[in-house]
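Top to bottom, those sequences are chains A and B. At position 273 of the first sequence (counting the first as 1) the number is 273 in my numbering, and the numbers step up by one without a gap. Remember, my numbering sits 321 above the position in the second sequence when you count from 1.
Incorrect hints may appear among the rest.
What the hints assert, rightly or not - In silico lysine-lysine, DSS-like type, Cα no more than 27 angstroms apart, as pairs: (1) K3/A <-> K308/A; (2) K440/B <-> K106/A; (3) K413/B <-> K490/B; (4) K480/B <-> K490/B; (5) K308/A <-> K413/B; (6) K440/B <-> K587/B; (7) K382/B <-> K440/B; (8) K413/B <-> K104/A; (9) K7/A <-> K156/A.
Claimed, not checked - Output of the computed footprint for chain A on chain B, the stretches with three or more beta carbons under 8 angstroms from beta carbons of chain A: (10) 428-436; (11) 537-551; (12) 580-594.
Claimed, not checked - Label pairs and their in silico Cβ distance ranges: (13) G167/A <-> V593/B: 43 to 49 angstroms; (14) L171/A <-> L436/B: 37 to 43 angstroms; (15) I309/A <-> W481/B: 51 to 57 angstroms.
Quick caveat, the hints were computed from the structure, so don't treat them as lab data. Here the structure is a predicted model, which means the values were calculated and not measured. We put the CB at the ideal spot given by N, CA and C, even for glycine.
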Amino acid sequence: MKKELIKYVIFAVCVLLAPLAFSGNYLMNVLVFVGIHTLLAVALNLLLGYAGQISLGHAAFFGLGAYGSAILSTTYEWNPWLAMLVVALAVGGLAFAIGFPILKLKGHYLAMATLGMGIIVYIVFNEWIDMTEGPSGFSGIPNLELGPLVFDSDFKNYYLVWSFVLGCVLLSVNLANSRIGRAFRAIHDAEVAARVMGVNARLLKVQVFALSALICAIAGSLYAHVMTFIAPPSFGFNISVELLTMVVIGGLGSIYGSFLGALLLTMLPEFLRFMHDYDIVFYGGLLMLMTIFMPGGLVRGIPDLFRKIAGLRNKKGGAHA
Amino acid sequence: MELGNQVLQYLLSGFSTGAIYALIGIGFSIIYNATGIINFAQGEFVMLGGMLTLFLMETLKLPLWAAIPLAVLLATLVGLVFERLAIRPLSKASPISLVIITIGGSILIRGLSMLIWDKDTHALPPFSGDEPIMIAGATVLPQHFWILGITVVLIGLNKWFFNHTISGKAMRACSYNPRAAGLVGIDVRRMVLLSFVISAAMGSLAGIIVAPLTMTSYDVGVMLGLKGFCAAIIGGMSSGIPTVIGGLILGVLESLGAGLISSGYKDAIAFVILLLILFIRPQGLFGKPESERV
Chain A
1 MKKELIKYVI FAVCVLLAPL AFSGNYLMNV LVFVGIHTLL AVALNLLLGY
51 AGQISLGHAA FFGLGAYGSA ILSTTYEWNP WLAMLVVALA VGGLAFAIGF
101 PILKLKGHYL AMATLGMGII VYIVFNEWID MTEGPSGFSG IPNLELGPLV
151 FDSDFKNYYL VWSFVLGCVL LSVNLANSRI GRAFRAIHDA EVAARVMGVN
201 ARLLKVQVFA LSALICAIAG SLYAHVMTFI APPSFGFNIS VELLTMVVIG
251 GLGSIYGSFL GALLLTMLPE FLRFMHDYDI VFYGGLLMLM TIFMPGGLVR
301 GIPDLFRKIA GLRNKKGGAH A
Chain B
322 MELGNQVLQY LLSGFSTGAI YALIGIGFSI IYNATGIINF AQGEFVMLGG
372 MLTLFLMETL KLPLWAAIPL AVLLATLVGL VFERLAIRPL SKASPISLVI
422 ITIGGSILIR GLSMLIWDKD THALPPFSGD EPIMIAGATV LPQHFWILGI
472 TVVLIGLNKW FFNHTISGKA MRACSYNPRA AGLVGIDVRR MVLLSFVISA
522 AMGSLAGIIV APLTMTSYDV GVMLGLKGFC AAIIGGMSSG IPTVIGGLIL
572 GVLESLGAGL ISSGYKDAIA FVILLLILFI RPQGLFGKPE SERV
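Only chain B is shown next, with the shape it has when bound in the complex (with noise of 0.2 angstroms):
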């Protein structure tokens, strides 16, 4: 195969595991505004959607179309009792106590899923079948478009529900401002409640719709997670399509580092972006820096 045929194929899948990227992004991004807390268990959330979609089909023999909304409904489940069980006690905390938390959390999570479930990798069966379909030259799985298709069906209703919902605003209010939120009448408790409930719900759906492409297990989530933490420092925090772009530029540079340069050190690609990005400008690609308020 020609080098622009090859570097094609790298751009398409890239595109797609971008994609996924940017949708953990954006759960990562939406708590952080609404609570300014980085939720390291972001990425068990995605690990959930897809065992839980795999337990649903292989033990309870549901069928895949109804073994998703019930698998995103458990997951968002746990993100829910999360929230209550261990956010919410801790509403004053220092950030080294919420990361610590949110670490807990994230170790607990995986642990329980390696007790229920089992430490083997599993595939989840794609949801149009596997045959490839040539693009000029390069070959693209079924399942890319429905990464693509869902994930802008996901964003266009995340914008909506943000710019058009009386819920979205008050959540964007509680962002730019708890205590006047407060003031105002929004209850700010129940909307940190909802972002962990839209994240957990966005990051679930992210794993199931990447599950048959690149295999699930109980560790997923910890890799998975933190590309998306990438993404959404690129984008700078936001829930918008900054991080969109941030997901597809960590997507696509990571597939064409594995593929022209090496696969072994392909999640380094990753971290080496984040760690530039972070040094360079926290504020993410797209944002003004922020003065500091003492």
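Next comes chain A alone, as it looks inside the complex (with noise of 0.2 angstroms):
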């Protein structure tokens, strides 16, 4: 638990430090997304590394935060803040209204219905005009305050944004070391003995389930009065698959190997924009890669790559002596 506390207290020092090292530069805004693709990010590991449970709709509960605040703070001229903890626990009893239905589902079957629930949102944010403005695009959402402070520029997105991602991985390094991780691992490997120990596997998955589609929806809110302008294309099944790639690449079952996955999938565009249409093809070609040479992610398959590399050097020493 110690040792869990050092390495929390290393990334929030690096992290409220970032802005020293890129202020000013375009890299802010750039890392004010990286926060919150870091928290879609570690809500989906969640739910897939931890309770082993697949999810491909996950961009619907961004999407729902986004539009569920830009419209009751911007039409309905709510207080924002008001708009965020009621959408985000608006988001989370539907998901775990419907966690009961979906969750009795298993592997492929899971990542079908999850991806159906995906698109039907998505076609909502398309068809339902009157709310959603439609493929034309939300726009005029106001910036969040704190008394005087409006968060208006890249520096103070950056802490606003990256604020919530502290919060929320502490809260997820917190629980993945808890009893209840512990049961959550206990799903993830084998459901059936864990029920027979007692486990409420249905219940705990619904849970977190719903967990997940919260943290999701703040980072939709959050998206949504940073942006100032939302549309439906950044809620749909691509970005799911976004955030699959994240937490793949990253690593299953790590919630700083989430953010490792956020970042370098964040990052890379930028510094490759001669990739503009070729990222497809990049994600495409990036996950069957890692699944197969690489399945526990970064955070697993650099040491183990290191490991590997030490060990032919080793024998190769040993032969030749």
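Two chains, two separate frames, one set of hints: put the complex together.
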């Protein structure tokens, strides 16, 4: 537990100090999105990496959060913070309700069901024009305010988003190391055995699904207020796949891995601007290569790789001697 | 036009799109039964069928009758390579890894097609003109007959293959019990490869016959694939008649929904049906519930 705390403190210090290096740089803007993606990836990882339940529809919760916040705070002129809270709870509640039938399914069937859910929500964003402005997008969303402080620059948004990330990471790390986290892993490895040991697998799975959806909704609210403009393509199937890629690349069942995956997949397209149209090929190829050659993700794969290389070197050395 | 005629019209067009969903659905089922994998890249084979035919006709100036078999052949080759490179190295992986790898494959194929061709939608010429035929007050395009005819032939061939050929019987044996099939000398890995080959061929043909009606582009595979999966789920992942009925039910409901309720929500109808079936009868409309073995 002490080791976990040290890791977390190092992570938090890096996060808080990063603006010193990048302030005023356009990278600040990218880092804001890294933060939002980290929230989403950590949320999906709780479900996928720890409880072993796949979801291909997480962009739906992200979108519901964004549209919920946008509509309540803009159309109905609610206080944005109140709207964020209400929307997060509502999306969490919704996920809880649909979690019971959906998480009864396993493996491929669960993947397809969540995918179907995601597509239905996406279609509603496009078609419910009275509420969502449809394909042309919803604009004029206000920035968040805290007393005299208006979150209207990349610098301020960075601290806004990353304070949520730090909270979420702390919660997730604690959760993963708690009794509940062990129950998750038991479900992941052998659901029936976990049940026999008295774990209420059904309820736990639904709870983690709801928690994961709630975090995604908060990320959506933040996204809406940071961007001040949202449109349906930001919440489509491709985004769900991108999130999945982040989690897989970072490493299933590793919170910091999710951060790594989010960082890598958000930064890469920025550095590889020439990849503009190729990024979809890149994601596809990366997903396949990682699954085949590094199923544990970067957090486990890189140390393994070093060990392998070191092992090879030792062997060679031995042969010479 | 009065309501009766309108409904007849919707029924007829629903049947032909339903036939397409059925063909794609059978592709899903064949792979699922042979390997236990749901191939998320199934829709990409459908897309490849349409796009390759178009490519062969426009770039190589081949006539339609020559472009079609060649396109099916090329798409099948992609299916074969996909199985070899992506599925075989992962033979003992968890369902999550398999979902991820087939999704990765589908994105890769879609992305490469986008780079090779472009992002536009293209039309394939209808096989025999587009002079509409009147049936009891409803108009039907000749292409609808091609779709229904080819679907019936393919389903017949499929049935014959699985019931009357050695390879077909061997594939069925693998789907019941791969270990036992291996013990009696069936090359299970070859059967898995064959299942990918057959589904790619069927899927691409479905993509070709529907392209003159609905246009084709690099990303049509997503929706068509998902609806084919819906058909397969309604049919209980059977590679026979239940999936055909599933496809037809889906096609007709979607067509009626689009016509009578709202065309914008047309695609949502299929997914609401998918979710309802998964929640209420995951074993399909016609299947018996299976008890889980631990």
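So, going through the hints one by one against the coordinates:
About 26 angstroms separates the Cα atoms of K3/A and K308/A, which keeps this hinted pair within 27 angstroms; it holds. The straight-line distance between the Cα atoms of K440/B and K106/A is roughly 35 angstroms, outside the 27 angstroms bound, and the hint therefore fails. Proposed proximity of K413/B and K490/B is supported: the alpha carbons are some 24 angstroms apart, at most 27 angstroms. Using a Cα cut-off of 27 angstroms, the hinted pair K480/B and K490/B holds, with the two alpha carbons roughly 11 angstroms apart.
A threshold of 27 angstroms between alpha carbons decides the hint, and for K308/A with K413/B the separation of about 22 angstroms falls inside it, so the pair holds. Distance restraint check for K440/B and K587/B: the Cα-Cα separation of roughly 23 angstroms lies within the 27 angstroms cut-off, and the hinted pair is therefore satisfied. The hinted pair formed by K382/B and K440/B meets the criterion: a straight-line CA distance of about 21 angstroms does not exceed 27 angstroms. About 24 angstroms separates the Cα atoms of K413/B and K104/A, which keeps this hinted pair within 27 angstroms; it holds.
Between K7/A and K156/A the alpha-carbon distance is near 25 angstroms, which keeps this suggested pair within the 27 angstroms criterion. Taking a C-beta to C-beta cut-off of 8 angstroms, the segment 428-436 of chain B contributes 8 residues in contact with chain A, enough for the three needed, and the coverage statement holds. Coverage of the segment 537-551 of chain B by chain A holds in this model, with 3 residues showing a Cβ closer than 8 angstroms to a Cβ of that chain against a need of three. Under the rule that three or more residues need a Cβ within less than 8 angstroms of chain A, the assignment of the segment 580-594 of chain B holds, with 7 such residues.
Here the CB-CB span from G167/A to V593/B is close to 36 angstroms, at odds with the stated 43 to 49 angstroms. Between L171/A and L436/B the CB atoms are about 42 angstroms apart, so this pair conforms to the stated range of 37 to 43 angstroms. Checked against the hint of 51 to 57 angstroms, the C-beta distance between I309/A and W481/B comes to roughly 55 angstroms, which is consistent with it.
Violated hints, listed in ascending order, are 2 and 13; each of the other numbered hints is respected by the structure.
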